[in-house]
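Those protein sequence lines, which keep their order, are chains A and B. For the first sequence, the tail end lands on 287 under my numbering, and the numbers increase by one without skipping. For the second sequence, the tail end lands on 345 under my numbering, and the numbers increase by one without skipping.
The hints are simulated quantities; they were obtained by calculation from the structure and are not laboratory data. Treat the hints with caution; some may be incorrect.
[What the hints assert, rightly or not] In silico DSBU-like pairs for lysine-lysine, Cα to Cα no more than 35 Å straight-line: (1) B:Lys95 x B:Lys155; (2) A:Lys35 x B:Lys126; (3) B:Lys128 x A:Lys35.
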Amino acid sequence: MDDRLVLQSVIGGLFNGTLYGVAAIGLALVFGVAKIVNLAHGAFILVGMYLVYALNRATGWDPLLLVVPTIVGGLVLGYVVQWLLISRLMGRGDGPLLVTLGVWIAIESLCSMIFGSQPQNVTSALSTRTFSIGAANFYWSRLAVLGLAVAFTLALAFVLQRTDLGRGIRAVAQDPLAAQLMGLNVARLLAATMALGAGAAFFAGGLSASVVPVAPGVATNLLLMSFVAAVLGGLGNIGGAFAAGTVIGVIEGVGSLFLPGTMKVFVVFVVFIVCLLVRPEGLRRRA
Amino acid sequence: MSTVAPAPVRATGSPSPRRPMRRYLLFGLWVALALLALVPLAGDRQTVSLWTTALIFAGVSSGWAIAGGLSGLIPLGHAAFFGVGAYSSALVFAKYDWNPWLGIGLGVVMSAALAWLMTALAVRFKVKGAYFGLYTLAWGEMLRIIASNWDYVGKTNGVLIPFKPEAGVAQMQFSDPRGFYVVALAYGAFSMAVFALVKWSPLGWRLSAIRGDEATASASGINVSRSLSACMAISGGVTSIGGGLYAHYIQFIDPELGFNVSVSIDIAVRAILGGETLVLGPFLGSAAMTNVSEFAHDHLGDLPQMSLLIVGVAIIALAHWFPRGIAGVGLQLGRLVLRRRGSNR
Numbered sequence: 001m002d003d004r005l006v007l008q009s010v011i012g013g014l015f016n017g018t019l020y021g022v023a024a025i026g027l028a029l030v031f032g033v034a035k036i037v038n039l040a041h042g043a044f045i046l047v048g049m050y051l052v053y054a055l056n057r058a059t060g061w062d063p064l065l066l067v068v069p070t071i072v073g074g075l076v077l078g079y080v081v082q083w084l085l086i087s088r089l090m091g092r093g094d095g096p097l098l099v100t101l102g103v104w105i106a107i108e109s110l111c112s113m114i115f116g117s118q119p120q121n122v123t124s125a126l127s128t129r130t131f132s133i134g135a136a137n138f139y140w141s142r143l144a145v146l147g148l149a150v151a152f153t154l155a156l157a158f159v160l161q162r163t164d165l166g167r168g169i170r171a172v173a174q175d176p177l178a179a180q181l182m183g184l185n186v187a188r189l190l191a192a193t194m195a196l197g198a199g200a201a202f203f204a205g206g207l208s209a210s211v212v213p214v215a216p217g218v219a220t221n222l223l224l225m226s227f228v229a230a231v232l233g234g235l236g237n238i239g240g241a242f243a244a245g246t247v248i249g250v251i252e253g254v255g256s257l258f259l260p261g262t263m264k265v266f267v268v269f270v271v272f273i274v275c276l277l278v279r280p281e282g283l284r285r286r287a
Numbered sequence: 001m002s003t004v005a006p007a008p009v010r011a012t013g014s015p016s017p018r019r020p021m022r023r024y025l026l027f028g029l030w031v032a033l034a035l036l037a038l039v040p041l042a043g044d045r046q047t048v049s050l051w052t053t054a055l056i057f058a059g060v061s062s063g064w065a066i067a068g069g070l071s072g073l074i075p076l077g078h079a080a081f082f083g084v085g086a087y088s089s090a091l092v093f094a095k096y097d098w099n100p101w102l103g104i105g106l107g108v109v110m111s112a113a114l115a116w117l118m119t120a121l122a123v124r125f126k127v128k129g130a131y132f133g134l135y136t137l138a139w140g141e142m143l144r145i146i147a148s149n150w151d152y153v154g155k156t157n158g159v160l161i162p163f164k165p166e167a168g169v170a171q172m173q174f175s176d177p178r179g180f181y182v183v184a185l186a187y188g189a190f191s192m193a194v195f196a197l198v199k200w201s202p203l204g205w206r207l208s209a210i211r212g213d214e215a216t217a218s219a220s221g222i223n224v225s226r227s228l229s230a231c232m233a234i235s236g237g238v239t240s241i242g243g244g245l246y247a248h249y250i251q252f253i254d255p256e257l258g259f260n261v262s263v264s265i266d267i268a269v270r271a272i273l274g275g276e277t278l279v280l281g282p283f284l285g286s287a288a289m290t291n292v293s294e295f296a297h298d299h300l301g302d303l304p305q306m307s308l309l310i311v312g313v314a315i316i317a318l319a320h321w322f323p324r325g326i327a328g329v330g331l332q333l334g335r336l337v338l339r340r341r342g343s344n345r
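Just chain A, with the same shape it has in the complex (with noise of 0.2 Å):
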């Protein structure tokens, strides 16, 4: 098999996966402490990619530049969901599981209204320009976007690590009881974290807008590969979730050596079953 092909196709799987998992992880931070499973969390990614498209269309910045600002859209959003629309039903059965459920429907017409069905496209500066690993190009505006990703991973896991609120939502994560029991508000933690989660989801939506066309088909896409990330990460591992995403990004890249077409991603699915069915807690114990 041609070298060049082989290095384009497993490190543009790289650069995909980076994608993936930073998409993943607000789907398994919402899910490892709130224990929802976030329906919602696809439209929130299709959000984030318009709000950059939009903003790119009445500033002119770098859709790079705006990613950053996209993510307090995402920290407002998350938090008026869960806060309005969820806490009460915090608990009672499938409740919480069909109001991400109705958001996720009302969120994705929403935006079909405002920008119509058909694919748009924003431009970095650096989506013009490539440098070479080996044989194979690549755009640089890839390479931003993988070194985003991991930063804002870090960042997260930063918060969660290191600052009160962190340690707050690592408290309600483990026993909510006793979270609210030694005096936290854990209807106001659970809002930050659906919060941080959306924040994520806006924050992979709006890097998604520079390398791949705006649409809502990009989004569902994200969404069903976050869940893959997710749960192969074992749901509600952070660092889990965002390197299972890379793997499958690289499988991805692997898979399209072999596979026609969109095939590539049969690979993923079969991957996923395969492992749900092994080790449905996710390939590494939960930390």
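Once you have looked at the hints, place chain B on chain A.
Frame of chain A, contents of chain B only:
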């Protein structure tokens, strides 16, 4: 925040003879529904097509509810069965000129086998709750990817079902749209009947026990794997028939119409909206959803997405105030009427 186990589905037998009022009310309701079902036959083309779609998806969602409502599983991949049914009936008719009903039968067998296999595997390896939802979703996605890359089934172009007027009614070719309405009506009624039969059968009681508390059910001698697999197989089979009918109704099927995640979600949403634990729930949910989207299409021409926004908001509202869906609201109203009568006596 303590996690409260979902209440088991009420596994009561048929309405008790000691409460004749309730029996008459129920009987009247079914007669009224049966009569109402004939109304679209007198309507114009658009009315007929609207209710044909609503009834096909009522049947499909009833199929989903056999698993999603009665067992406590939350399957999110029913597009897999819908698509298998659609493709098998379409291919059999378009490629080999066989009777599409044969294709539907084939689809039912394949879907039921697939459902049994995936559920047995999931139970064997303890894939539960949210994981089960994502696991079924992944199966649906796999089939979508296969269908869009496989030459035999037309890749992303899908399969066109030619109109063969000479083939006639026995092969699901109707020159009058009302013919298809009758087929859809029969299917909707059939699915509801299967749902009711499962709900009030020993299998239904076992599922109710598993839904309440799986460990206790297992300890009381219930074969959890067998019960859940059987339930999913029936559910997948019923859903698959609807896929076959839908493909023939729109005379076309492609990977996105058959297997897309949004199809899985749509199937589940209709059932949940109407009330997935009640016989009439999926029908009410499906009727509501088809009507809302038709209304949005007609009156909000520039904003066709408005219907989805309404559905999204409705789901959030239901989760908060009416956890048993539209049918649950009806049930509460019915109880209110009965109670008032009782106190007057």
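Checked hints:
no.: 1; hint: B:Lys95 x B:Lys155; in the structure: holds, 15 Å
no.: 2; hint: A:Lys35 x B:Lys126; in the structure: holds, 18 Å
no.: 3; hint: B:Lys128 x A:Lys35; in the structure: holds, 13 Å
In terms of the numbered hints stated before, the structure departs from none.
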